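Enquirer: Chains as they are written, first to last, in our numbering: chain A, 75 to 238; chain B, 75 to 238; chain C, 75 to 238; chain D, 75 to 238; chain E, 75 to 238; chain F, 75 to 238.
These are calculated hints, taken from the structure and not from any lab test. Careful: at least some of the hints might be erroneous.
Because identical chains cannot be distinguished in the list, a pair is counted as satisfied if it fits within a single copy or across any two copies.
The list that follows gives simulated cross-link-like pairs (lysine-lysine, BS3-like), each with its CA atoms no further than 30 Å apart [claimed, not checked]:
no. : residue 1 : residue 2
1   : Lys104    : Lys127
2   : Lys80     : Lys232
3   : Lys165    : Lys80
4   : Lys229    : Lys127
5   : Lys100    : Lys229
6   : Lys150    : Lys100
7   : Lys165    : Lys232
8   : Lys100    : Lys80
No experiment lies behind these values; they were computed from the predicted model shown.
Number of protein chains: 6
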Amino acid sequence: MELPKKDFTHLDQHTGNPTMVDVGTKAATKRIATAVCEVVLGRDIMQRLLEEKDIVTKKGPVFQTAIIAGTMGAKKTAELIPLCHPLALEKIKIEIDPISETSIQIRCTASLTGKTGVEMEAMTGASVAALTIYDMCKGFSHDILIRELRLVEKKGGKSDFRRD
Amino acid sequence: MELPKKDFTHLDQHTGNPTMVDVGTKAATKRIATAVCEVVLGRDIMQRLLEEKDIVTKKGPVFQTAIIAGTMGAKKTAELIPLCHPLALEKIKIEIDPISETSIQIRCTASLTGKTGVEMEAMTGASVAALTIYDMCKGFSHDILIRELRLVEKKGGKSDFRRD
Amino acid sequence: MELPKKDFTHLDQHTGNPTMVDVGTKAATKRIATAVCEVVLGRDIMQRLLEEKDIVTKKGPVFQTAIIAGTMGAKKTAELIPLCHPLALEKIKIEIDPISETSIQIRCTASLTGKTGVEMEAMTGASVAALTIYDMCKGFSHDILIRELRLVEKKGGKSDFRRD
Amino acid sequence: MELPKKDFTHLDQHTGNPTMVDVGTKAATKRIATAVCEVVLGRDIMQRLLEEKDIVTKKGPVFQTAIIAGTMGAKKTAELIPLCHPLALEKIKIEIDPISETSIQIRCTASLTGKTGVEMEAMTGASVAALTIYDMCKGFSHDILIRELRLVEKKGGKSDFRRD
Amino acid sequence: MELPKKDFTHLDQHTGNPTMVDVGTKAATKRIATAVCEVVLGRDIMQRLLEEKDIVTKKGPVFQTAIIAGTMGAKKTAELIPLCHPLALEKIKIEIDPISETSIQIRCTASLTGKTGVEMEAMTGASVAALTIYDMCKGFSHDILIRELRLVEKKGGKSDFRRD
Amino acid sequence: MELPKKDFTHLDQHTGNPTMVDVGTKAATKRIATAVCEVVLGRDIMQRLLEEKDIVTKKGPVFQTAIIAGTMGAKKTAELIPLCHPLALEKIKIEIDPISETSIQIRCTASLTGKTGVEMEAMTGASVAALTIYDMCKGFSHDILIRELRLVEKKGGKSDFRRD
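Based on the provided sequences and hints, a complete structural model is requested.
Expert: Below, the structure written as structure tokens:
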């Protein structure tokens, strides 16, 4: 299969080594991105989250800890992902909802007005929130799965994206 | 459904608020944990990774950047996950392998001799490596999925775990 | 006034420059320290915290955010305080209680088995929790005071301390 | 007591969970904030600081370490306080002055041109400087108090504030 | 020798204490800076780097690890250097080239559009890359030297600089 | 030239990818390492440091800022150098001395009782102190050179090292 010519944006065209994209000449526009993932906890843990009010009111200690951790994690994206630019995020929002009798969904939206997008911030925030849920529930079971982490929407860059 | 009595280890028994587990009285033993996840990249990106030698030799720039990021990310676990203890990790290993024509698998193993396990370090290292792969490939497509992040084995604590 | 001879532990005896204490020859013992401070919020904010369940159940979103922040802040002590040693904390606990119609008290206890004490970790954890409360309530008033941050007890080092 | 309707800015209006304020639509203006606190050291430690030139010249090693720590601490505000935005601070200034025979005052001023204020940065810088003074003097006494941490002025946002 | 009057920019004019420069009134311009250093590894290590493809293709694991570390290190400049401003870097590039039978050269270029220069970011990125090379080669010899770290060019501030 | 068989300790023997050394089976022994470097400042800056008391008393604001930065930088080694282990340093000491009419020397000693050496911590501490001196003096000249960064001694591991 011959691929249409298009380079890895994060590899130097001459040496092939990893390198940051130069965003210096891009326009500062409003950027927004949303990522989601699912955490399969199983019936037993879901029931316990119900008792702790995490599920009914969405305000229990497990969900709130994950929301704080995801928010702080999104702010650490440029420290974690080697070729990400440090960004002055204007908003991060983490939402956690039960989506079945065994699973919850985590949704992270990040936004700013800047020269580069916030897709990685949304992905990282969702990941860290999910890992925190895992950490707080692993005393009950290690059979917990974090799955389907993906971008669902981004707007404001060269091209918008929306997952169907 | 009435659940057998067992508390969230990370919630204070009296107030119900989030709190660290006290590991002060645990024995320092050899602990090891392995986590894996998959990154579904699609045929086009897989082909390009082949050209960059990432897949054939497993030594290309994309995989190596992810290995470095995952290793450094595992060291940041206690900074990211609110109730994790700071740990003196003795070893972190990240391996990346193609597992189909569209997907790769990331495997992170962490170990130390200490009072608490390294499960979250293995999970975090795999996550950050996966997010880095995503970051470096997202110029080709946003239809990339990080899935099935899970613990596959842990040894050395109160109870061992091995996923079948 | 002539002072009995005793040097600043954090100044080099020869040059007078700041320097870390060498804890290499100290014994690893169980260390524990507790610090407290008060946050004077005023009647209006206290009433609103009551409505958010922070005060009645001690489990509302403001207190829980502060507990998470204080716990994570205590883990960052050696990053913040220049001459503190990096420590493998085994336990951090933050408690928040109303102590009058206008004030809350924050209490942070830290512990580990190690060569140096955790007094600064307890002080830092209480500070960061208090600053977080301030941040979340400052939309109502800037007339908030953080006061009386102090060590109340430490055990396990050269000399124990207990504030009357 | 019925309170006039006004929400916690850092709680989501629908779920009540902690969340960052969206500053995306705010105007970038010059923002400045000053916070102060006092450290009650007692006569003995004050006398020793005098001998180390900290008090006479304000340039001794204890004060300078605290100034550096407070400056670096202010830069870490968004890492410490969960719902603070990462900010490109343009200036941080820490000043330390004796205010009585037993006490010093720490004053931290932060400024930038941006969409949100720097009140938390000023508060955090003063706190970390105070904690550093405590750390360097605790070899003499644990009876040290950090008190009256408060905002004294802020300008440039929706409403200015000046403490009388 | 009497020096023409000119103050340390990072010392307060009144107290003489360390302080950040206020960049609030500076214009945001395009800033770029390049720093270089050399790492003297000796013939034996150079030969081994040749075998690992680091030298022939410039794409081996040692150089790539150093490139990632230097890039991430440059992003940490304001955390490391007390009086540096936090900056939203738009581009960091690390290049590593053999310059003799015993030595390599590391070159780090940083850029952004902002109110202050990126000279320290370029210097820090080159340093961290060099230290990483050292770390990965020290198993062969401790007789490795990092030398001649210097700015080679900066543009976009009050005055440009170019080393002959 | 055929080299005696010896592998890069930081490359996986099977894949050749970067990886941490496993220090799990090493003995915890007392480890100490000292690194030095020189900063060539030129006569003009040296004269100004003399006036600020940095050189005569070694206690001026420039040297003290560098000492604090180097100490804090050494604590960040495992965050900066990808394959370094997080270590519980027991002592870091930075010394700065004039060594000619144009140059100063920075010396950093690190120590702990642990399973791996502190060579990188000593190298990193000296680097960050040197970069801080550079930062504080660059207002006078950009013709400053950081040179001859090297290990001078290490003790306590598999083999001791002492530079003649």
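Enquirer: So, for every hint listed, does it hold in this structure?
Expert: Hint by hint, here is what the structure shows:
1. Lys104 - Lys127: Neither: 36 Å inside a chain and 36 Å across chains, both beyond 30 Å.
2. Lys80 - Lys232: within (15 Å within a copy, 39 Å between copies)
3. Lys165 - Lys80: Answer is between; shortest inter-copy Cα gap is 21 Å, intra-copy 33 Å.
4. Lys229 - Lys127: Neither: 34 Å inside a chain and 33 Å across chains, both beyond 30 Å.
5. Lys100 - Lys229: both (15 Å within a copy, 20 Å between copies)
6. Lys150 - Lys100: both (23 Å within a copy, 23 Å between copies)
7. Lys165 - Lys232: Both: 21 Å inside a copy, 18 Å across copies.
8. Lys100 - Lys80: within (19 Å within a copy, 38 Å between copies)
Checked against the numbered hints above, the structure breaks hints 1 and 4 and satisfies the rest.
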